[in-house]
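Going down the list, the sequences are from chains L and P. If you use the working numbering, the first sequence corresponds to residues 1 to 132, in order. If you use the working numbering, the second sequence corresponds to residues 1 to 392, in order.
Hints listed in this document are in silico derivations from the structure and should not be mistaken for laboratory results. Beta carbons are placed, not taken as given, at the ideal position from N, Cα and C, and that holds for glycine. Keep in mind that a hint or two might mislead.
Computed from the model, here is a short list of chain L residues facing chain P with C-beta under 7 Å [said to hold, decoys possible]: (1) N56; (2) S60; (3) L61; (4) A96.
Pulled a few chain L residues facing chain P out of the computed Cβ check, cut under 7 Å [said to hold, decoys possible]: (5) R64; (6) L67; (7) K68.
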Amino acid sequence: MSLEIKIQYLRQRHTLVQLAGRLDGETSERLERTLMAHIADGRPDDAYTLDLEHLNYISSLGLRVVLKARKRIEAGGGQIFMANLQAPVAHVMEIANVLPSWSLFKDVEEADRYFDHQQEEARRKAELDGES
Amino acid sequence: MDAGRDAKVLIVDDDFITREALREQVMQLGYQAALAETGEEALVVLKDGGFDAVLLDMVMPGADGYAVLSTLKRDESLQHVPVIMVSGLEDFNSVVRCIEAGAEDYLTKPFDPVLLKARLGACLEKKYLRDQEQAHLALIERTQRRLEQELAEASRYVMSILPAKENGALRTDWRYIPSTELGGDSFGYHWIDAEHFAVYLLDVCGHGVGASLLSVSVINVIRNQSLDGVDFTDPAAVLTKLNAAFPMERQNDQYFTLWYGVYDSRTGALHHASGGHPPAVLIEPAIGEETPQQLHALRCPGPLVGVVDGADYAAETVMVTPGSRLYVFCDGVYELERDDGTVSCLEDFILFLQVHGNCDDSLGRLVEWAQGQNVRDAFDDDFSVVRVDFPV
Numbered sequence: 001m002s003l004e005i006k007i008q009y010l011r012q013r014h015t016l017v018q019l020a021g022r023l024d025g026e027t028s029e030r031l032e033r034t035l036m037a038h039i040a041d042g043r044p045d046d047a048y049t050l051d052l053e054h055l056n057y058i059s060s061l062g063l064r065v066v067l068k069a070r071k072r073i074e075a076g077g078g079q080i081f082m083a084n085l086q087a088p089v090a091h092v093m094e095i096a097n098v099l100p101s102w103s104l105f106k107d108v109e110e111a112d113r114y115f116d117h118q119q120e121e122a123r124r125k126a127e128l129d130g131e132s
Numbered sequence: 001m002d003a004g005r006d007a008k009v010l011i012v013d014d015d016f017i018t019r020e021a022l023r024e025q026v027m028q029l030g031y032q033a034a035l036a037e038t039g040e041e042a043l044v045v046l047k048d049g050g051f052d053a054v055l056l057d058m059v060m061p062g063a064d065g066y067a068v069l070s071t072l073k074r075d076e077s078l079q080h081v082p083v084i085m086v087s088g089l090e091d092f093n094s095v096v097r098c099i100e101a102g103a104e105d106y107l108t109k110p111f112d113p114v115l116l117k118a119r120l121g122a123c124l125e126k127k128y129l130r131d132q133e134q135a136h137l138a139l140i141e142r143t144q145r146r147l148e149q150e151l152a153e154a155s156r157y158v159m160s161i162l163p164a165k166e167n168g169a170l171r172t173d174w175r176y177i178p179s180t181e182l183g184g185d186s187f188g189y190h191w192i193d194a195e196h197f198a199v200y201l202l203d204v205c206g207h208g209v210g211a212s213l214l215s216v217s218v219i220n221v222i223r224n225q226s227l228d229g230v231d232f233t234d235p236a237a238v239l240t241k242l243n244a245a246f247p248m249e250r251q252n253d254q255y256f257t258l259w260y261g262v263y264d265s266r267t268g269a270l271h272h273a274s275g276g277h278p279p280a281v282l283i284e285p286a287i288g289e290e291t292p293q294q295l296h297a298l299r300c301p302g303p304l305v306g307v308v309d310g311a312d313y314a315a316e317t318v319m320v321t322p323g324s325r326l327y328v329f330c331d332g333v334y335e336l337e338r339d340d341g342t343v344s345c346l347e348d349f350i351l352f353l354q355v356h357g358n359c360d361d362s363l364g365r366l367v368e369w370a371q372g373q374n375v376r377d378a379f380d381d382d383f384s385v386v387r388v389d390f391p392v
């Protein structure tokens with residue numbers, strides 16, 4: 001089984017990465033190339049949401065790509081969230097003890113609302129700082 | 001591309017004037033020319049090697065053009081030298097016969113210099129490309145053989161550092177089946193001192209040379225206890241220090257999982273810590289009829305090793321009942337794709353251990369069970385498991 005990767009903008013500076021299928025030794029290299037290129041082309045503080053609704057398997061090599069992407073994004077001041085985590089993938093991530101450090105959302109809309117809220121808070125703070 | 005540089009052409013013709021005319025033309029085209037008066041002489045000269053094309057007269061006394069061509073095409077060392085038949089117009093049927101026998105092209109006498117240039121040029125370019133291809137193939141084959149030898153050597157090294165089986169009061173056994181020639185799993189156990197026995201199994205993400213290099217590095221650090229200021233009887237300290245020493249950004253973005261336990265033979269305590277690794281399973285023996293066998297999953301969760309900067313790992317302690325058996329393993333032992341597309345899981349493996357975990361040949365049965373679960377003949381992931389029998 002292969003991996004389908006779809007990338008689209010939810011809004012400015014918030015990218016949705018939808019994965020469907022298997023993220024394993026055969027498919028992880030393509031995801032790595034695609035994601036790293038997208039991260040390099042974007043702004044350092046962009047946000048990303050991984051929509052895992054249709055991802056039914058992840059291997060250690062797949063996890064490596066996800067963790068590597070996270071390190072790159074966060075090194076630039078950006079954020080990365082996970083949404084729609086399914087049981088088989090969640091189980092692997094639980095054993096790997098990866099989940100506690102992630103921002104997990106029930107669905108993509110929730111992740112987007114969270115990001116929007118953050119942006120709004122940041123704007124208000126900037127305005128207040130400007131006034132004072 | 002300069003296929004013509006240094007090209008050497010053999011001109012075979014019993015007629016002196018034709019030979020000389022062809023020689024003059026060939027040299028004017030920038031090639032080297034050699035001459036043979038007869039078919040027999042041509043075959044001797046060609047055997048010395050180094051020719052890139054032959055201009056071969058059809059009609060000669062003794063061995064004629066067809067005979068020379070047939071001999072060339074039967075000789076493995078010469079069959080790829082292109083041959084252009086040179087003939088009179090009345091020999092056309094013979095020319096066709098020669099083309100069918102493998103000649104590249106033909107020229108009629110008196111020959112046209114433009115056609116000679118075009119046809120000889122085309123033959124030489126084709127031979128040049130073929131020679132290049134053969135050279136590349138030979139290089140690839142040599143490189144492939146060298147890589148295979150080096151992989152086999154590396155594989156022998158990895159197998160050589162796997163631990164010998166313990167057969168004292170404390171007994172060990174293990175199975176290791178890498179998914180490729182070199183796996184990312186490694187494991188070991190050793191007596192830290194007279195009282196403390198360490199057992200550990202790690203799994204680098206992926207397999208192959210890169211994963212194996214990291215795996216061997218970490219195992220050697222643990223076995224040789226070469227981390228400064230670390231008490232190797234303290235699993236939490238070992239994992240914390242390993243996490244600091246092997247950040248994934250400095251390991252080609254590779255992380256690893258690890259289960260590390262230390263058995264204190266004075267007290268019977270087993271201290272353990274892990275980083276992103278499946279739990280070890282401790283099987284306590286049944287005691288009479290009142291207390292059945294019990295299985296415990298030993299896991300003190302910690303992050304994948306090398307991923308979280310500054311992570312602090314915790315350890316837990318369990319008291320080992322005499323006669324207990326410990327299994328430490330990687331996820332390749334139970335994460336197996338079945339025929340129906342489902343994937344077996346840790347719970348399936350624990351069920352297996354409940355039934356077979358205390359048998360003498362449990363590891364053999366485990367390999368059979370895993371092979372039975374697996375849809376393919378070979379495992380997709382490394383298969384490694386260590387079994388420790390504690391003193392009775």
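Okay, the hints, checked on the actual structure:
no.	hint	in the structure
1	N56	violated (9 Å)
2	S60	holds (4 Å)
3	L61	holds (5 Å)
4	A96	holds (4 Å)
5	R64	holds (4 Å)
6	L67	holds (6 Å)
7	K68	holds (5 Å)
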